[in-house]
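Trainee: Oh and the sequence shown: position 36 is 37 in the numbering used here, straight run, nothing missing.
Read the hints as simulated data drawn from the structure, not as lab findings. Note that the coordinates shown come from a computational prediction; the quantities given were computed from them, not determined experimentally. C-beta atoms are modelled at their ideal positions from N, C-alpha and C, and glycine is treated no differently. Incorrect hints may appear among the rest.
What the hints assert, rightly or not - Label-pair restraints from in silico Cβ distances:
#1 105 with 133: 14 to 20 angstroms
#2 120 with 84: 21 to 27 angstroms
#3 84 with 31: 22 to 28 angstroms
#4 144 with 104: 56 to 62 angstroms
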Amino acid sequence: MSEAALYSLNEAAELTGLSVDALRQRIKRRKIHAVRGNDGLVRVRLDEADTEALRTGRPPSRPPSQLAEQSSPIIALQDHITTLREQLIAANTRTNEMLADLRAERRASSERSAADAEERRRLGARITELEAEVIAMRAKVARTLWARLRDRLRPR
2 MSEAALYSLN
12 EAAELTGLSV
22 DALRQRIKRR
32 KIHAVRGNDG
42 LVRVRLDEAD
52 TEALRTGRPP
62 SRPPSQLAEQ
72 SSPIIALQDH
82 ITTLREQLIA
92 ANTRTNEMLA
102 DLRAERRASS
112 ERSAADAEER
122 RRLGARITEL
132 EAEVIAMRAK
142 VARTLWARLR
152 DRLRPR
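Can you build the whole structure from these sequences, using the hints too?
Mentor: Printed below as a string of structure tokens:
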């Protein structure tokens, strides 16, 4: 592996294809190690792997030395993030199950509604038939009663 070299921000920008502002942001986020020279200019320490990673947009294969040893608050926060992710996955799973149940209930309700509508239509037709029968029977009874009344009132 080659030795890391110091580059000014302009040189590093030309070498990696990133803008000077992008390099400053990475320095600020401690993704790139930077030093201030005696002349007051900021220089970045890059080796071939770093420049290649910056060119392709991948993070460097080795972590910066400041992040190599993680403090207990960072570890606790990472554990908390893991717990929150697990809770989110569980909540998403429950939500998806509830949505599936709701869709099944809605489908069953729709089928029941269609069956109820068919039953109402069938019963409505039957009511119409029965009403026609009642009217016919009333007419028959009325004719029969008039016929009897006529027979009684007719002189013999």
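Trainee: If a hint holds in the structure, say so; if it does not, say that too.
Mentor: Against the structure, the hints:
Between residue 105 and residue 133 the Cβ separation comes to about 42 angstroms, which falls outside the hinted range of 14 to 20 angstroms. At about 53 angstroms, the CB distance of residue 120 to residue 84 disagrees with the hint of 21 to 27 angstroms. Range check, residue 84 to residue 31: Cβ separation about 25 angstroms, and the 22 to 28 angstroms hint holds. Between residue 144 and residue 104 the C-beta distance comes to about 60 angstroms, which sits within the given range of 56 to 62 angstroms.
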